[in-house]
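Participant: The primary structure of each chain is shown beneath.
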Amino acid sequence: MTLLDFARGPALEWSLMIMVAGSLWRLVGAFMVRRTADLSEPRSHSTVAGGLRTVFTRMWPRKEFRSETLFGVVAGYAMHIGLAIVVFLFTPHILFIDSLLGVSWPGVSNDFVMFAGAITVAAMVALLIRRLTTPLLKAISGADDYISWAVTMLPVLTGMMAYAHIGGPYQTVLAVHILTVELMFIWFPFGKLFHAVLWIPSRAQLGAAMQRRGVKA
Amino acid sequence: MTDDKTLGERLRERGVSRRGFMKFCAATASMMALPTSMIPRVAAALEQARRPSVIWLSFQECTGCTESLTRSHAPTIEGLIFDHISLDYHHTLQAASGDAAEHAREAAMKQNHGEYLLVVDGSIPLKDDGIYSTIAGITNLAMLKDVAAGAAAIISVGTCAAYGGLPKANPNPTGAASVSEIIDDKPIVNVPGCPPIPTVITGVLAHFLTFGRLPELDALNRPKVFFGQTIHDRCYRRPFYERGKFAETFDDKGAREGWCLFKLGCKGPTTYNACATAKWNEGTSFPIEAGHGCIGCSEPGFWDKGGFYEALSKGTYGSAEGIALAAGAGVAIGAAAAMGSRARQAQADRKEEK
Amino acid sequence: MNRLDAIPIQVEDVGLPHRTENLQPLMQQVEQALHELVEHGAETVIDLSSMPFSEQDEKDLRARLGAGEVNASVMAFGPTLVQESAFPGVWLVEHQNAEQRRLTLQLVVARVPEILMTPPDDLPDSLAALRRANAESFDTPGKDVR
Chain U
1 MTLLDFARGP
11 ALEWSLMIMV
21 AGSLWRLVGA
31 FMVRRTADLS
41 EPRSHSTVAG
51 GLRTVFTRMW
61 PRKEFRSETL
71 FGVVAGYAMH
81 IGLAIVVFLF
91 TPHILFIDSL
101 LGVSWPGVSN
111 DFVMFAGAIT
121 VAAMVALLIR
131 RLTTPLLKAI
141 SGADDYISWA
151 VTMLPVLTGM
161 MAYAHIGGPY
171 QTVLAVHILT
181 VELMFIWFPF
191 GKLFHAVLWI
201 PSRAQLGAAM
211 QRRGVKA
Chain A
1 MTDDKTLGER
11 LRERGVSRRG
21 FMKFCAATAS
31 MMALPTSMIP
41 RVAAALEQAR
51 RPSVIWLSFQ
61 ECTGCTESLT
71 RSHAPTIEGL
81 IFDHISLDYH
91 HTLQAASGDA
101 AEHAREAAMK
111 QNHGEYLLVV
121 DGSIPLKDDG
131 IYSTIAGITN
141 LAMLKDVAAG
151 AAAIISVGTC
161 AAYGGLPKAN
171 PNPTGAASVS
181 EIIDDKPIVN
191 VPGCPPIPTV
201 ITGVLAHFLT
211 FGRLPELDAL
221 NRPKVFFGQT
231 IHDRCYRRPF
241 YERGKFAETF
251 DDKGAREGWC
261 LFKLGCKGPT
271 TYNACATAKW
281 NEGTSFPIEA
291 GHGCIGCSEP
301 GFWDKGGFYE
311 ALSKGTYGSA
321 EGIALAAGAG
331 VAIGAAAAMG
341 SRARQAQADR
351 KEEK
Chain S
1 MNRLDAIPIQ
11 VEDVGLPHRT
21 ENLQPLMQQV
31 EQALHELVEH
41 GAETVIDLSS
51 MPFSEQDEKD
61 LRARLGAGEV
71 NASVMAFGPT
81 LVQESAFPGV
91 WLVEHQNAEQ
101 RRLTLQLVVA
111 RVPEILMTPP
121 DDLPDSLAAL
131 RRANAESFDT
141 PGKDVR
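Chains as they are written, first to last, in this note's numbering: chain U, 1 to 217; chain A, 1 to 354; chain S, 1 to 146.
Keep in mind the hints are simulated off the structure, nothing from the lab.
Accuracy of the hints is not assured; some may be wrong.
In the DSS-like style, the derived pairs of lysine-lysine whose C-alpha atoms are separated by at most 30 Å in a straight line are [claimed, not checked]: (1) S:LYS59 x A:LYS245; (2) U:LYS138 x U:LYS192; (3) A:LYS314 x U:LYS192; (4) U:LYS63 x U:LYS192.
Label pairs and their computed distance ranges (CB to CB) [as the list claims (entries may be wrong)]: (5) A:GLN48 x S:GLN32: 31 to 37 Å; (6) A:ASP129 x U:ALA150: 48 to 54 Å; (7) A:LYS253 x U:VAL108: 16 to 22 Å; (8) S:GLU99 x A:ASP184: 41 to 47 Å.
Here a beta-carbon is modelled for each residue, glycine too, at the ideal position from N, C-alpha and C.
Based on the provided sequences and hints, a complete structural model is requested.
Facilitator: Listed below in structure tokens is the structure:
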């Protein structure tokens, strides 16, 4: 079995199983855990609407914090949008998702995807440098942050290398790309990378609780 | 048997003039992807080329490789080169049969010991001492080892001889193996393909006749000059791939307009061969140009790489059951963990109340 | 009765010409080769079969080169078509096999492509053959020697 066969076969099967098992474990566990009861009088009952609003209000920093956080927010958006374009609008990726979930949609031209990929890599490098050189950020950063950064960076980098045919024979670089994606799948449910799923319920929970107390968050 | 005429002399005997010979050399140099400045050198070498003794052993194969080489009506480059080599044994093509044929082979081996070229097509079954393919009562395995011992070099023609091919496909009932898996003490050139492009087979022979040695090989022992690039890298439909224009089915608008066949399972990106440049039937066309994706026939194990119509970006594992099981396990563990947490908290509450 | 020609075939002309973008660099190469011929008498042969070069590129090339004064065909091992372009010294040589299938297409920059010149080794044989033919025709006057 070649490395590519392994990456497309057993490695894919096992990494997906681990990702699904871990994600459901974490989600079900988090939702079923007992929450401290809010014993105050509810000032509003539209907690669902409140929760939903908070999901959106947090998408842009409040005026007071903007100057401090703007770089991180802009670079962060550049990275996330670029990554979304690369992952969800590159035709071979769409075909992969189709083979797993049975849904597909039109893609964009390969040149545009490569451009988005380059933006993603640049933004991620900029954000890492910021994390390492800002004393406060460096002090609070741990293994989880760096691992999550690495398992996201490696697929984008190796994917672009495979596409450009650099770094070795195409089959090998392609196999390495697929294996780094599988590494990300395995890490996904267990570290900060899971924010990809948790950001919505997390913001909504805060919003709902605040709404109940009559605070627009 | 071998005689001492050179290739140049044999061509003139067949009525090929010196101009015709120059044309032949220009076409041969082009086929070997040599620069035009080398044409005089090719001409000089081929003019003087003696007939190498060649023993062609056909093992567990469909004969497609031999057919690929010999199906031509008019004199072609391939035909002339093929005619020039002294084909001392080829059990499909030769006139002799039975004992006479085997004696001819043994005599050629003895007379040219250490100098003959061994060409193999077909895989070699290993299971049950190799009884699943025999010639004149001799197993392929035994014959290969016997003939390889006195060969100068071995050319494995076709994916079966080079990598095991179709007989080796899952579950490989005969224990089919490639030549390289059995012989490890002779130079081996793999010329894979199912079948290989005829010009590629004769290009290797022409290279041998011109330079007296085998061409430069890649990591899978394939001549780099023919197998150095993927189909995808030289495909004329590449601009469509780049622009994201893919045919979705075999008769839709995209297919009719010649768009990229990636979604229909084309294995071009991971297949190394000369189909996109040399093409087939003397440059007529190749599978993608005819509207069907590349099946990767020059790569090892191409029968077992997922379906021919499944895109390369799809996984090859089997079951959705595994994922469903994992999902169930995840829910169960999460629920159990949460229940455990709730139970502990309830217990702590009861303790506090006391 | 089932016959292959009873299957309706519709050829769709998409009208999308496929170009490899190799024509411009090729023309630069020809210009350089012609310069070499003028300055140093050096001949150049460019093998168009060994580079990415589409049918449309070939059409464009022939349009650019135009036709000159010389149009020749050589019958040796199949036909070879030789055409001088509108630029003297720049020739298109198409080698075909006996079934008129193309073997190679070459751009030759020279005073004359080599295939048109008589191979020097043929000359002594030619002289011997002509001597024989003349001798025979003198021996039998009036006999139709063809």
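Participant: Does each hint fit the structure? Answer for all of them.
Facilitator: Verification of the supplied hints:
About 26 Å separates the Cα atoms of S:LYS59 and A:LYS245, which keeps this hinted pair within 30 Å; it holds. For a cut-off of 30 Å, the pair hint linking U:LYS138 to U:LYS192 stands: about 16 Å separates their Cα positions. Simply put, A:LYS314 and U:LYS192 have alpha-carbon atoms about 28 Å apart, close enough for the 30 Å limit, and the pair holds. About 27 Å separates the Cα atoms of U:LYS63 and U:LYS192, which keeps this hinted pair within 30 Å; it holds.
Between A:GLN48 and S:GLN32, the C-beta spacing of about 34 Å keeps the proposed range 31 to 37 Å intact. The beta-carbon spacing between A:ASP129 and U:ALA150, approximately 52 Å, falls within the hinted interval of 48 to 54 Å. Checking the proposed 16 to 22 Å range against A:LYS253 and U:VAL108 shows it holds: the Cβ atoms sit about 19 Å from each other. At roughly 43 Å, the beta carbons of S:GLU99 and A:ASP184 sit within the given window of 41 to 47 Å.
The structure fails none of the hints (numbered hints given earlier).
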